[in-house]
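Residues per chain, in single letters:
There are 2 protein chains.
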Amino acid sequence: MRIVLDAMGSDHHPEAELEAAVEAYQLWGERLTLTGPAELLGSRVDPAQVDIVDAPEILGMYEKPAVAAKKKPNSSMAKGMRLLKHGEADAFVTMGNTGGAMATALFQLGRIKGVKRPALSPVFPVRDGSAVVIDIGANADCRPEYLLQFGIMGSIYAEIFLERKDPRVALLSTGEEQGKGNKLVEAAEKLLRASKLNYIGNVEPRELYNGEADVVVTDGFSGNIFLKTSEAVAALLIDMIRNEIKASPVTAAGGYLARPAFRTVSKLLDPSEYGAVPLLGVDGLVFIGHGRSNARAVMSALSAARKAVSRGLMQALRQGIKESLEGSDH
Amino acid sequence: MRIVLDAMGSDHHPEAELEAAVEAYQLWGERLTLTGPAELLGSRVDPAQVDIVDAPEILGMYEKPAVAAKKKPNSSMAKGMRLLKHGEADAFVTMGNTGGAMATALFQLGRIKGVKRPALSPVFPVRDGSAVVIDIGANADCRPEYLLQFGIMGSIYAEIFLERKDPRVALLSTGEEQGKGNKLVEAAEKLLRASKLNYIGNVEPRELYNGEADVVVTDGFSGNIFLKTSEAVAALLIDMIRNEIKASPVTAAGGYLARPAFRTVSKLLDPSEYGAVPLLGVDGLVFIGHGRSNARAVMSALSAARKAVSRGLMQALRQGIKESLEGSDH
Chain Z
0 MRIVLDAMGS DHHPEAELEA AVEAYQLWGE RLTLTGPAEL LGSRVDPAQV
50 DIVDAPEILG MYEKPAVAAK KKPNSSMAKG MRLLKHGEAD AFVTMGNTGG
100 AMATALFQLG RIKGVKRPAL SPVFPVRDGS AVVIDIGANA DCRPEYLLQF
150 GIMGSIYAEI FLERKDPRVA LLSTGEEQGK GNKLVEAAEK LLRASKLNYI
200 GNVEPRELYN GEADVVVTDG FSGNIFLKTS EAVAALLIDM IRNEIKASPV
250 TAAGGYLARP AFRTVSKLLD PSEYGAVPLL GVDGLVFIGH GRSNARAVMS
300 ALSAARKAVS RGLMQALRQG IKESLEGSDH
Chain H
0 MRIVLDAMGS DHHPEAELEA AVEAYQLWGE RLTLTGPAEL LGSRVDPAQV
50 DIVDAPEILG MYEKPAVAAK KKPNSSMAKG MRLLKHGEAD AFVTMGNTGG
100 AMATALFQLG RIKGVKRPAL SPVFPVRDGS AVVIDIGANA DCRPEYLLQF
150 GIMGSIYAEI FLERKDPRVA LLSTGEEQGK GNKLVEAAEK LLRASKLNYI
200 GNVEPRELYN GEADVVVTDG FSGNIFLKTS EAVAALLIDM IRNEIKASPV
250 TAAGGYLARP AFRTVSKLLD PSEYGAVPLL GVDGLVFIGH GRSNARAVMS
300 ALSAARKAVS RGLMQALRQG IKESLEGSDH
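In order, the protein sequence lines correspond to chains Z and H.
Under numbering that gives the first Met the number 0, think of the first position of the first sequence as 0, with each following residue one higher.
Under numbering that gives the first Met the number 0, think of the first position of the second sequence as 0, with each following residue one higher.
Pulled out of the complex, with its shape left as it was, chain Z reads as follows (with noise of 0.2 Å):
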C-alpha cells in the first residue's frame, strides 16, 4: 500500500506530518510518501523510513483556492494528487485547507465517471455508534440529483468503512413528516425514494444523532450549519458548565472528581479521534484532515486512508456509481 501524506497541511506542519511519518513507519512497517520542499524536508527524514517527493511550491493562506489550484502545479497538494492520478499512489491524505483540497482535487485528478459532483463526508459520533453525513461543504448549492448521487456514494461508504450491511440512507430535514423540509429535500426525496437504496425518509438533527440512520444526506450549506453548529454548542457547552464549577469551591471539587467524565466527553468530541473526511466522488482516494491537527491526528487521518484502500472503497465507488447510472437516463 502506498500512502502519500501532504508534508506542508496542519498549522504545525511539517512537524507534525514528520513526526507522522515515522511512527507510521513502525506501526505498519511500510514508507510513507511526504509532499513538500525536498529542500526543507530532506535533512530532516531517514530515507530508510520515509519518501520525499519535491513539491517546492508553498499555497499562501491567502491564495484562492481555485486559483492555486492551477497555478501552481508543484505544490505539495497538487504533486501529491497527480501521484495518485499516475497510479503511482493509493491515497493521499492532507491536512491542509479543505477548499484548496478540493479544487486540486478536481483539478488533478477529476471526477469519477458519472459523478456529478464530489462531496465531503465525515463520520460523525452519534449515540452508541457513528453515522456518515454527506456533504459538509463541498457544495454550497446543490440540485436533487446531486443528493441523489450523495446517497449512492455515502451508501458505499457506510458499508464499507463502518460495515453496515444494507445502510439506512435518509435525508437531513425539519421534520420526519414526508413534505416536511424545502424543496430541495421534497425533490430528493422522490428520487432517493425510487432508487434501489435503503431510503428510510427523513431524519431532524435529534434523530441524526440518536443514531436512527447510518447515511444522512443534505446539501453542503446546510450540512456544514449542521457541523458548525454542532461544534459550537459542544464548545459553548464545556465551556459554560466549566465556568459554573468554577464558580464555588464545592461545585469546583465536584469538578475535579468528575474530571474523567469530562474527558471521556472532550475527547469524543475531539476532530482529531475521528480520522479524516473523504472527498467522495473525485477519481482517488482524497482524505482531509482538520488543520489543527497534531502527530496523532495525523496518524489517525493516516489510518482512515488506509483503511479505505485495504477494503477497496474507490473500485467499489466506481463500480456502484456505473451500477446507478446503468439503465437511468443520467
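Just so you know, the hints here were simulated from the structure itself, not pulled from any lab data.
No false leads were mixed into what you were given.
Okay, the calculated beta carbon distance ranges per label pair: (1) V249(Z) / R126(H): 21 to 27 Å; (2) H85(H) / R126(Z): 47 to 53 Å; (3) E62(Z) / K164(H): 35 to 41 Å; (4) E322(H) / E176(Z): 38 to 44 Å; (5) E162(H) / P248(Z): 31 to 37 Å; (6) P46(H) / D127(Z): 53 to 59 Å; (7) R291(H) / P248(Z): 34 to 40 Å; (8) R205(H) / H85(Z): 37 to 43 Å; (9) G311(Z) / A65(H): 49 to 55 Å; (10) K84(H) / R126(Z): 44 to 50 Å.
Quantities reported herein were computed from a predicted structural model and do not represent experimental measurements.
For glycine and all other residues, C-beta sits at the position ideal for the given N, C-alpha and C.
Take the given structure of chain Z and dock chain H to it, following the hints.
Here is chain H on its own, set in the frame of chain Z:
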C-alpha cells in the same frame, strides 16, 4: 392591556393555561382572555379573574394546518386571532402547533402591508447575552428580498425587545468572508449591505453563539436546522456527561457536588425560560410558545407578549416596514 391566551394549545391544556391565567391575574392585576370551549373552561375559572371567549372547535393533532386554519373558524386559535384583528386585543399567545398558528395567523390576520413573508424569530441564549435569529422555520424556501425584510423586522425587534441600540445584523453562513455561503446568502448580502441596517457581514454558528451579532438572518430551513441541531447536541452532551458521571462512585460523588453547575446550565437550555417566539410580519402580535410548556413557561410567554405590547412593537414594525418601502421599488 388585553392579552388573549389560547387555552387549548399546550400538551397539558387546558391545565397549564388555566393555572397561568390565574397567576397572571394575581401578578399583573389584569384579566386575561382565554379562548377555548366554554363548556370545558367555564366551570373552572373565576369570572372576576379570567375572561372566556367561547371557541368550541378543536383542532386535531393530525389535521393539516392550512386546511384547519380555513375550515375551523371557531377554533381557539382562530377566535383569538380575530379578537386581535378587530382591535379587541393587543396580543395573542398560544402554545399550540406552530404550523397551525402560522396558517391561522395568515388567514385571520394577514400580513403587515408590504411584508412579503412573516418569520419566526426566537431570542437565543448566547455567550454573555442573547441574540435574535430570524427565520427559524416559517419559510423553508426563501428569496433574497425576504431575507432583507427579516433583517428589518429582526432589527426592530432587537431594538425594542432587547433594547439594543442600532442592532448589529448579520447573515448566518458557512464562512465569514464575503462570497462564502450559498447563492441565497450571496444575493441577500448585497441587499443587506445596500440597506440602512447596521449590517456587519456573515457569521458562522460559532460567532452567533459568541454574541457577535444582535440579529442573525437566515432562511427558515437553515434556521430550523440550526435550532434543532443546537437542541440535539445540547441534549446529547448533557446525557453523555450524566452517563459518564454515573460510571464510577468517584465521578458520581463529583457529579453530586457539581450539581448546582449543571442546574444553571440546564436552566439556560430550557425553552420555558425564553418566553415565546413572535411571528413577525403578520398584522397583529402573535407569540407561539412550546407545546411542552407548563404553567411557568406559559407565564414566561405571557410576559414576553406584555413586554412587546407595552413597548409598542407592532407600531414600530408597521412604521419600519413602511419606511423601508418608501423610495424603494418594492
